[in-house]
Amino acid sequence: MLGAIIAILAFLIAFPWFSGDYYAHILILVFLNVVLAVGYRLLYVTGLGSFCHATFYAIGGYTSSLLAMRLGLPYALCLLAAGLVPVIFAIAIGWPSMRVKGAYFFLATFAFFMVMDSVFRHWTSLTNGAMGLINIPGIAPIGTLKPYYYLSIGLMVFTILIMYRLDRSRFGAELLAIGDDEELAKSVGINVAVTRVIAFSIGAMFAGFAGSIYASYISFISPASFSLLSTIFILIWVVIGGSRKLWGPIAGAVTMTLFAELLRMSGTLQAILYAIVLLAAIMLIPQGMVGLVDRLRERKGRHGESDLKPKREESARVIPS
Amino acid sequence: MISQIILNGFVLGATIALMAIGFTLIFGILRVVNFWHGEAYMFGAVLIFFLREQHGVNYVLAVAIAVAAVALLGLVSDQTIMRRFRGDLMGGVIATIALYLLFQNGMWYIFGGRPRGVSSVLTGNITILGTSISAGRLLVVIASFIAIAALGLFINRTKLGKKMRAVQQDREAAQIQGINANRIYGLTFAMATGLAALAGALIAPIYAVTPVMGGGPLMLTFIVVIVGGLGSISGAFLASFIIGFQQSFTAAYWGAELSLAVSFGLALLILLVLPRGLRGEE
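In the order they appear, the protein sequences are chains A and B.
Using my numbering, you'd call the opening residue of the first sequence number 100 and step up by one each time.
Using my numbering, you'd call the opening residue of the second sequence number 8 and step up by one each time.
For the record, the hints were derived by calculation from the structure and aren't laboratory data.
We put the CB at the ideal spot given by N, CA and C, even for glycine.
Treat the hints loosely; a few may be bogus.
[Stated by the list, open to error] Some chain B residues judged to face chain A by a derived CB distance under 8 Å, without partners named:
hint, residue
1, Phe34
2, Phe92
3, Leu96
4, Ala102
5, Leu109
6, Asn112
7, Gly113
8, Met114
9, Tyr116
10, Ile233
11, Leu237
12, Leu275
Modelling step: build the complete structure from the supplied sequences, incorporating the hints.
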């Protein structure tokens with residue numbers, strides 16, 4: 100397993116030297132999307148699905164860009180700030196929202212997304228409104244690709260490592276416990292609200308980092324870069340990939356991003372095709388790719404995790420209401 | 008001027024109420040957030056355009072056909088697709104999002120982006136309390152109220168309505184009593200999407216018909232059910248007018264775009280103070 104991962108990494112690191120800019124560009128988007136997806140997953144496994152992850156992406160992007168453009172700060176500081184500012188928002192919106200259940204939380208974060216979208220559009224003195232920010236500086240001159248490629252692959256690897264450690268830590272166990280049975284988790288002393296807010300904030304932080312890289316790579320951001328569709332996509336990657344294991348959102352983000360790019364070549368019907376494939380996917384594998392692999396393992400008779408835990412068909416997905 | 012704003016708020020409230028009540032019913036009974044609710048509205052309007060402008064069908068008949076067609080679509084989508092997501096909120100969300108993308112883009116492909124007009128049903132203006140309102144818009148308000156009243160009677164006075172309420176309260180207990188929950192789900196979805204189509208059909212002679220016209224109403228619907236409380240019809244009704252008036256006032260003084268942001272901000276604030284909205288149950 101480790102050997103395979105190292106091989107893949109080596110391939111990815113060498114990739115831009117022979118692939119050409121177009122494909123390397125797509126991979127940068129894939130890497131950033133993976134960061135978004137695994138960040139989103141952290142709160143999602145506790146049974147709460149937010150609808151504002153793209154907002155943290157946006158806040159990170161705008162923070163980083165504005166600090167670079169208006170204050171001329173070195174990029175490293177901008178990147179750091181891009182991770183921290185969304186955390187403030189996550190706590191501000193997350194903490195009071197812990198009172199609201201499942202679907203309400205979903206809608207409340209949706210409302211937050213829409214309000215922030217409006218702020219980006221209308222606070223023109225700060226954000227330049229719908230016209231966006233152009234010529235955003237970063238770690239390399241505008242238009243270069245390789246530095247950003249390595250920066251994003253670095254962020255992705257870093258994020259995955261952190262998530263991997265978190266999953267195996269007590270914190271990760273608590274997250275899964277809350278997702279399995281909130282009341283039971285409370286009864287063993289887990290502070291559900293605080294744990295969830297922490298998960299929400301960590302996810303927001305990584306989204307912010309990704310936003311900073313995105314903004315300086317493309318050198319242009321506007322409210323349209325972080326639309327409702329982007330937040331929908333993040334949700335799709337995590338659900339289609341499967342949230343129970345860490346590799347789920349990774350697989351989801353990779354396949355769906357590549358699929359979307361593939362469709363781009365076929366023109367006007369791409370959205371319809373995407374919708375059909377999405378519908379088929381969610382109907383055939385409602386537990387995501389992780390669920391599919393688990394089912395296949397069960398059939399082969401190998402001992403997957405599902406042997407030891409009760410049937411997860413209903414529980415992992417239902418947001419307690 | 009003020010009375011014009013109030014009247015506008017009233018019309019908007021009545022229209023949104025049709026959509027929000029259906030949406031909240033779907034959530035209350037099926038536990039589904041129906042992302043394609045705006046498309047049901049759009050289908051209603053598009054069908055009116057198609058039937059009336061291209062085939063000269065009488066308006067009332069066209070409305071009936073449009074509502075029935077969309078209700079049928081809702082029923083079929085529930086029984087074939089949503090059936091797999093009973094109790095699965097996120098899976099259901101993805102499914103309705105997929106349908107939203109499918110319907111929206113499919114209609115864009117068929118219909119094109121150019122706005123079309125539907126000829127007015129009633130012309131002329133009526134004066135109420137010193138303000139002039141076009142007869143067409145008055146019709147929208149009256150028709151909405153009739154539909155909502157009919158729905159209220161259905162839910163509260165008929166046996167079928169009682170079954171719906173039973174399923175909303177406790178699905179398993181209802182099933183033990185012999186109620187076929189699956190049929191109730193299908194009926195609910197059909198009714199709700201039919202109401203949304205009615206809203207679109209009523210609006211078609213007044214505003215332009217485009218494939219993307221469902222977006223705004225969907226946003227307002229989300230806001231209204233947040234404020235009113237998911238699952239509560241009376242909450243949705245009440246909140247529709249609160250939001251309708253708010254929209255009308257802020258749009259008049261600050262413009263339409265900010266108006267939406269204010270609505271969302273309001274919804275967010277209300278939610279944080281009243282975690283279940285005004286009248287939400289769970």
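Here is what the structure says about each hint:
{"no.": "1", "hint": "Phe34", "result": "holds (7 Å)"}
{"no.": "2", "hint": "Phe92", "result": "holds (7 Å)"}
{"no.": "3", "hint": "Leu96", "result": "holds (5 Å)"}
{"no.": "4", "hint": "Ala102", "result": "holds (5 Å)"}
{"no.": "5", "hint": "Leu109", "result": "holds (4 Å)"}
{"no.": "6", "hint": "Asn112", "result": "holds (4 Å)"}
{"no.": "7", "hint": "Gly113", "result": "holds (6 Å)"}
{"no.": "8", "hint": "Met114", "result": "violated (10 Å)"}
{"no.": "9", "hint": "Tyr116", "result": "holds (7 Å)"}
{"no.": "10", "hint": "Ile233", "result": "holds (5 Å)"}
{"no.": "11", "hint": "Leu237", "result": "holds (6 Å)"}
{"no.": "12", "hint": "Leu275", "result": "holds (4 Å)"}
Comparing the model with each earlier hint shows a violation of hint 8 alone; every other hint is respected.
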